[in-house]
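Asks: Residue-level listing of the chains:
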Amino acid sequence: MGRDAMALAAHGDADVLVLGGGPAGTWAAIAAARAGARVILADKGYCGTSGATASGGNNLWYVPPDGAAREESIQRFEQVGGMLTDRAWMLRTLELTWAQVAQLDHWGYPFPTDAKGCVRRSSLQGPEYMRLMRRQVRRAGVTILDQSPALELLADADGVVSGARGVHRQREDAGWAVRAGAVVLATGGCAFLSGALGCNPNTGDGHLMAAELGAEMSGMEFSAAYGIAPAFGAQTKGRMYQFARYYHADGTLLDVPDGLSARLAVCRATLDGPVYARLDLAPSLIHEAMRWAQPNFFLPFDKAGVNPFTDLFEIRLVLEGTVRGTGGIALAGDGCETTVPGLYAAGDAATRELVTGSRSGGGSHNGAWAMSSGTLAGQSAALFARRPVGGHSQLRGAGRAGLPGKDAEPAPADPVPPDEVIRNVQAEVLPLARNMFRTASGLRDSVWKLDQVWTDQVPQLGPRPGRQRAREAAAMTAHARWMYAAALGRQESRGIHRRDDCPGTDPTLARRLRVGGLDEVWVAAEAG
Amino acid sequence: MIEIISAVNCIDCDKCVEVCPTNVFDAVPGGHPVIARQADCQTCFMCEAYCPVDALFVAPTSSPAPPGTIFTDEARLAADGRFGEYRRWIGWGSGRRPGSLQDHNAELAELAAPYLGGNLLA
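As they're listed, the protein sequences go chains S and X. Sequence positions in the first sequence follow the working numbering and run 1 to 528. Sequence positions in the second sequence follow the working numbering and run 1 to 122.
Keep in mind that the hints were calculated from the coordinates and are not lab data. A few of these clues could be false.
[What the hints assert, rightly or not] Derived list of chain X stretches under chain S, where covered just means 3 residues or more per stretch with a C-beta under 8 Å from a C-beta of chain S:
hint : region
1    : 14-26
2    : 43-52
[To be verified] Cβ-to-Cβ under 8 Å is the rule here; a few derived chain S residues that face chain X:
hint : residue
3    : GLY48
4    : ASN59
5    : SER123
6    : GLU128
7    : GLN170
8    : ALA174
9    : GLY175
10   : ALA177
11   : ARG179
12   : LEU197
13   : GLY233
14   : ALA289
15   : ASN307
16   : THR310
17   : ALA413
Small disclaimer: the values here were computed from a predicted structure and weren't measured. Ideal placement from N, C-alpha and C gives every residue a C-beta, glycine not left out.
Chain S on its own, in the form it takes in the complex (with noise of 0.2 Å):
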């Protein structure tokens, strides 16, 4: 246990409590500190290994000010983003991420150099650039309450977010509780405890922490983000994949083309049995670079004892959902503000729609957004935390769902187990077969099963093994059904939202679509 969670005791209060302490966390943290604010950051797990950076690292888009390139990369990146993007938004982020990066290389960032002599700063490896950022939070005087989930969001009697409280998950879940004069959100996104690298701690609990006070959601449909693995682990690390060849069962070629645009192919190949790879097309006399560029791609296969390069191995698809995916929290102006007073959202809890449109943010938007999005969430927290309030008035936790006894109600009698909910809308949200090839009738189905989880059991869930898991349970279930409601909202293929139902796009729907709702989910195209 860290010595700042110690040192707080139960309650405390800040200017900005950040919720989530991965990259969009403490950029935020690290921004509003340098507003003046007085900065208390919670994360579920330990800030500097929690979420998917960390694990996975980040390769970042990351375009210089000079000339014509952002231009040509903004350009690039709107089509490919299915004309969904903010041109405002594209801009503001590579500024941002221009001028953060130098800012790690400013506080000693280990950046590599390349054969010409270049160094190059596009690319972080996920534990030293998570370090780093703890000891700038730290540094920035900062106090960190590690493996402390917030459990729900306290407003005052006007609805404005006032704080936070949750659980010290290694004390016995005593409880913690932040009075605060704004909150960010930089939670991460929702992979529904699929065991993508990372990402188990990125359970959507910010995402119902603010619909509870009705914030609204926003790209939602495009949350069939899958990542390959080697079937004997989970270590979705794409990028490597560009280098192999896939197979059947007995040895023979898949017929899918070279590169990344086999992806979708693989995917559905594995519908029909079992798929195998190989990095065939890498040259040996890379293969060094790539361990290097790679080690946590590498190292799982190393201790298995396969040769990537020489031996076929089987692959399997594991669910990125709205991590790699794109939708989150939809903001409501440049600020990171969401739609509730003094909330605001940032990395991969909000949506990533303004920077990525249809397409993943994997691969490098998602890297840069957080940096972006956490330090104007960050700044404009710490600005709204200034404004004068009137003595404490009492708040209230606005929590409802998953959160068994709370306000002293009794416990159900015959409660559920968190356990039993998640498998139910991983029943439903796992499957390559009904969440990446979406059709309406698969999609209804799910919907129908969900809606019962949610009326049935969630509101029985109970409090063991941990008040955090019923919470990720109630979590997880309302991110599924926001997803599929926002995909039968969509009816066309765009992005990463395929409905084999609707193959085509359809150009006169280019545009958002915002969802909400806990116990009535609702969906509308975002005006304007």
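Got chain S sorted already, so can you dock chain X onto it with the hints?
Replies: This is chain X only, laid out in the frame that chain S set:
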């Protein structure tokens, strides 16, 4: 999944308990930490990265290793240099250089281009 905390090397610093993002370990007063919730392990190798004495072995498999496999054979794994493997790659620990200094992600496309006929995305 995490399979082994080596009693030979563990110094009871509880760093693994502190840093595990999915809270798999429990500290034990006066003893070595224990793997208390193996089912929650997500095979992210972060504990291996942080363990200062290379006392941990995380198997590459995303389910518990069946008994009798090499992944639970501490002596064999130690002989094969399998403890602290991730920490070596990322260059943490005294006398090592950060692995990120040799991160070739940014130039991978350029390095591979002559061989792949423009098939790389980025």
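Asks: Does each hint hold? Answer for all of them.
Replies: How the hints compare with the structure:
Using a Cβ-Cβ cut-off of 8 Å, 7 residues of the region 14-26 of chain X lie near chain S, which meets the minimum of three, so the contact claim holds. Given as covered by chain S, the region 43-52 of chain X passes the check, having 6 residues with a CB less than 8 Å from a CB of that chain where 3 are the minimum. A cut of 8 Å between beta carbons decides the hint on S/GLY48: the least distance to chain X is about 7 Å, and the hint holds. Taking 8 Å as the C-beta cut-off, the interface hint given for S/ASN59 holds, the closest approach to chain X being about 6 Å.
Hint status for S/SER123 relative to chain X: holds, with the closest Cβ pair at about 4 Å, below 8 Å. Among the interface hints, the one on S/GLU128 holds; its C-beta lies about 5 Å from the nearest C-beta in chain X, closer than the 8 Å criterion. Of the supplied interface hints, the one on S/GLN170 holds, with its beta-carbon coming within about 7 Å of a beta-carbon of chain X, less than 8 Å. Against a cut-off of 8 Å between C-beta atoms, the interface hint on S/ALA174 is violated, since the closest Cβ of chain X lies about 14 Å away.
Checking S/GLY175 against chain X: minimum C-beta separation of about 17 Å lies over 8 Å; hint violated. Because the beta carbon of S/ALA177 sits about 21 Å from the nearest beta carbon in chain X, more than 8 Å, this interface hint is broken. Contact between S/ARG179 and chain X, as hinted, is not supported at the beta carbon level, the nearest pair being about 26 Å apart and thus beyond 8 Å. Hint on S/LEU197 holds. Least Cβ distance to chain X is approximately 6 Å, under the 8 Å limit.
Interface restraint check: S/GLY233 against chain X, minimum CB-CB distance 5 Å, threshold 8 Å, status holds. With a cut of 8 Å, the hint placing S/ALA289 at the interface with chain X holds, because the nearest CB-to-CB distance is about 4 Å. Checking S/ASN307 against chain X by beta carbon gives a least distance of about 13 Å; that is not within 8 Å, so the hint is violated. The closest approach between the C-beta of S/THR310 and any C-beta of chain X is roughly 17 Å, which is over the 8 Å cut-off, so the hint fails.
The closest approach between the C-beta of S/ALA413 and any C-beta of chain X is roughly 27 Å, which is over the 8 Å cut-off, so the hint fails.
In summary, the numbered hints that this structure violates are 8, 9, 10, 11, 15, 16 and 17.
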